[in-house]
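K.L.:
Now for the letters of each chain:
2 protein chains.
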Amino acid sequence: MTDKKPVQIRMSDYPATGNARDIWRVTHDSLRPVEDGEVLVRLDYISIDPGMRGWITNKRSYMPPVKPGGVMRAFGVGEIVESRATGLAVGDQVTGFTGVQTHGVFKQENLRKVGIPGVPPHTFLSGLGMTGYTGYFGMTDIGQPKEGETVVVSAASGAVGSIAAQIAKLAGARVVGIAGGPDKCSYLIDELGLDAAIDYKKGDISAALNANCPDGIDLYFDNVGGDILSAVLNQMNYQGRIVVCGGISQYGDFASAAGPANFMTVVTHSLSMRGFTMRDYMHRVPEALDWLVPAWKERRIKFREHIVEGIENFPNAFDMIFDGKNHGKLLLKLG
Amino acid sequence: MTDKKPVQIRMSDYPATGNARDIWRVTHDSLRPVEDGEVLVRLDYISIDPGMRGWITNKRSYMPPVKPGGVMRAFGVGEIVESRATGLAVGDQVTGFTGVQTHGVFKQENLRKVGIPGVPPHTFLSGLGMTGYTGYFGMTDIGQPKEGETVVVSAASGAVGSIAAQIAKLAGARVVGIAGGPDKCSYLIDELGLDAAIDYKKGDISAALNANCPDGIDLYFDNVGGDILSAVLNQMNYQGRIVVCGGISQYGDFASAAGPANFMTVVTHSLSMRGFTMRDYMHRVPEALDWLVPAWKERRIKFREHIVEGIENFPNAFDMIFDGKNHGKLLLKLG
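Here the protein sequences come in this chain order: A and B. Residue 6 is where the first sequence starts when you use my numbering, and the numbers rise one by one after that. Residue 6 is where the second sequence starts when you use my numbering, and the numbers rise one by one after that.
Quick caveat, the hints were computed from the structure, so don't treat them as lab data. Here a beta-carbon is modelled for each residue, glycine too, at the ideal position from N, C-alpha and C. One or more of the hints may lead you astray.
[As the list claims (entries may be wrong)] Which bits of chain B does chain A cover? Going by a derived footprint, with three or more residues having C-beta under 8 Å, they are:
| no. | stretch |
| --- | --- |
| 1 | 238-251 |
| 2 | 270-276 |
| 3 | 281-292 |
[As the list claims (entries may be wrong)] Residues of chain B clear of chain A, computed beta-carbon distances all greater than 10 Å:
| no. | residue |
| --- | --- |
| 4 | Thr22 |
| 5 | Ser35 |
| 6 | Arg78 |
| 7 | Val124 |
| 8 | Glu196 |
| 9 | Asp200 |
| 10 | Gly264 |
| 11 | Ile312 |
| 12 | Asp324 |
Between the sequences and the hints, there should be enough to build the whole structure, so can you do that?
P.N.:
Right, dumping it as structure tokens:
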């Protein structure tokens, strides 16, 4: 069936504190047999995403949390090594909610083929995957940047933010990115071509926003929540829009993440705030791919990947994303 | 010119604490002469509104704050007693930002005539005035309730909330009102015909919402912010809408009113939040009147007024609105 013993990363229980270090268990369980309509997939890459923090929080959310003892939920990409499904053949590249494991048996309808000539399969876990679609729909469908507007994007060097920021730039907006550290800020200017970059680790974000947004802020693409959201709120223009996409700074205590301290600005400045997850747009993924794939091939948009090797390094990779230590979309390479 | 000495209520300075008790000064200054294009108005009623708290807070907002020493800003309605303006005649009823004073000289363009047969002029400070328009536009233009939806309105017996709640009811929604005390709750059911009323003073708003909104909450018209907003957020349906209209519970510390504790629900449930003030809709007031005046005459919508007499009672009336002691739109009757 498979040449190597399968390996799984399981969540033993929900983390009692913000630190999830102790909850991971490695198992080597055999796979169940492949039944009609199913395939066996050898996973090659796993996507590590901030949203995972919500999946290990025992609270009503946009998805049920992972069950204690279950394989950790994750997107993955891999190759079919055995098929009893009519629409999928051995050798096909597929993606889906595969979990953090080296191999898995899946129903055909839970996988999507990702074979596009000239596009490496793991790319569908990064810029051409869920994070790319998230940046695409959040900016084009909700944010709707217009020429001449000032757009601020937080976590702008990240997997979602970098796509969102580049789309706003292509729309003709003045785009100011917020990121942590000089390397990420240089990347925003030199590689992505943003108009300005703010290093939040230097402190006084309000002064930096004020200096870099002389006409105020029309649109804020929020990936982090917390203090940065509060600082941006104070400089939003009348009838400004806020796309609320994440809240990485709050994921450590996801269930009780507090709103901005100066919330009444929403009323006094007639702001609109729209939260979303990719759940809202799953039926429109082909639309995102139609735009993203040629834009990436023609280098109108760029993205970076940060690849960690070995399934045993999943706990380290998981921690990296909350410490901001990854440069680009974090992927776990297996086998 | 006038038969009585004019009286003004002035703000001596911005309140140092949440309590505004000590900032009011009564003056008896003479009026400046009426010049070309101006009129002298004898004010009959002054509107007391929660938004006043923002006007005496020294912070950038949708309007500049009142200047220390200046007449307190307010809407008023009165009768023209002297006119040097071509469009306004002695005896005309007018409304506008008149300030808290018994008489005032105003430019013609800053006033609006309010003479509609069968409608008492002071009604244009209550259900047919700014608070009525606020409820109307907030619910019809932003909220857009649909038949069968569950709509929750806080401060539902208040001047804005009662109009908003009745409009949602007329749209065919199940409407649950939140108010303080048994009298206000009876009013919601018996007079306004809402489907359920929650007395927030009884505690455990979450349990009451759960009991009265078995299908979750599709639309929340928020007049209060604070803990009630947090409780509602936890029971919002996927892609629910929140109209953020006020934040009375936060006005005491307006400048730093905190957002809801469970802000990440905006992301996980794909919620939209839209803040607004009447500033956004001033150009559409005739549209609101076209709907509200016949609806009120035909008793499809109702509203209550709470009238306090005497300009010297302004400080008491101002405090009442934040203590929730008024039943209906609070007006100050002069002279």
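K.L.:
Are the hints correct? Go through all of them and say.
P.N.:
We went through each hint and held it up to the structure:
As drawn, the stretch 238-251 of chain B meets chain A at 5 residues by the rule of a beta-carbon pair under 8 Å; at three or more, the given contact holds. Only residues whose C-beta sits within less than 8 Å of a C-beta in chain A count toward coverage, and the stretch 270-276 of chain B has 7 of them, enough to reach three; the restraint holds. Beta-carbon proximity to chain A at under 8 Å applies to 4 residues in the stretch 281-292 of chain B; the threshold of 3 is reached and the given coverage holds. Every CB of chain A is more than 10 Å from the CB of Thr22(B) (nearest about 18 Å), matching its label as outside the interface.
Listed as outside the interface, Ser35(B) is consistent with that label: its C-beta sits roughly 35 Å from the nearest C-beta of chain A, beyond the 10 Å cut-off. The claim that Arg78(B) lies off the interface holds: its Cβ sits roughly 15 Å from the closest Cβ of chain A, which is beyond the 10 Å cut-off. No Cβ of chain A approaches the Cβ of Val124(B) within 10 Å, the least distance being about 29 Å, so the stated non-interface status holds. With a least beta-carbon separation of about 28 Å from chain A, Glu196(B) lies farther than 10 Å from that chain, consistent with its non-interface assignment.
The non-interface label for Asp200(B) is consistent with chain A: the shortest C-beta to C-beta separation is roughly 25 Å, beyond 10 Å. Consistency note on Gly264(B): stated as away from chain A, yet its beta-carbon is not over 10 Å from all of that chain's, at 2 Å minimum. The beta carbon of Ile312(B) is kept farther than 10 Å from every beta carbon of chain A, the shortest such distance being approximately 27 Å. With a minimum CB-CB distance of about 20 Å to chain A, Asp324(B) clears the 10 Å threshold, and the non-interface call stands.
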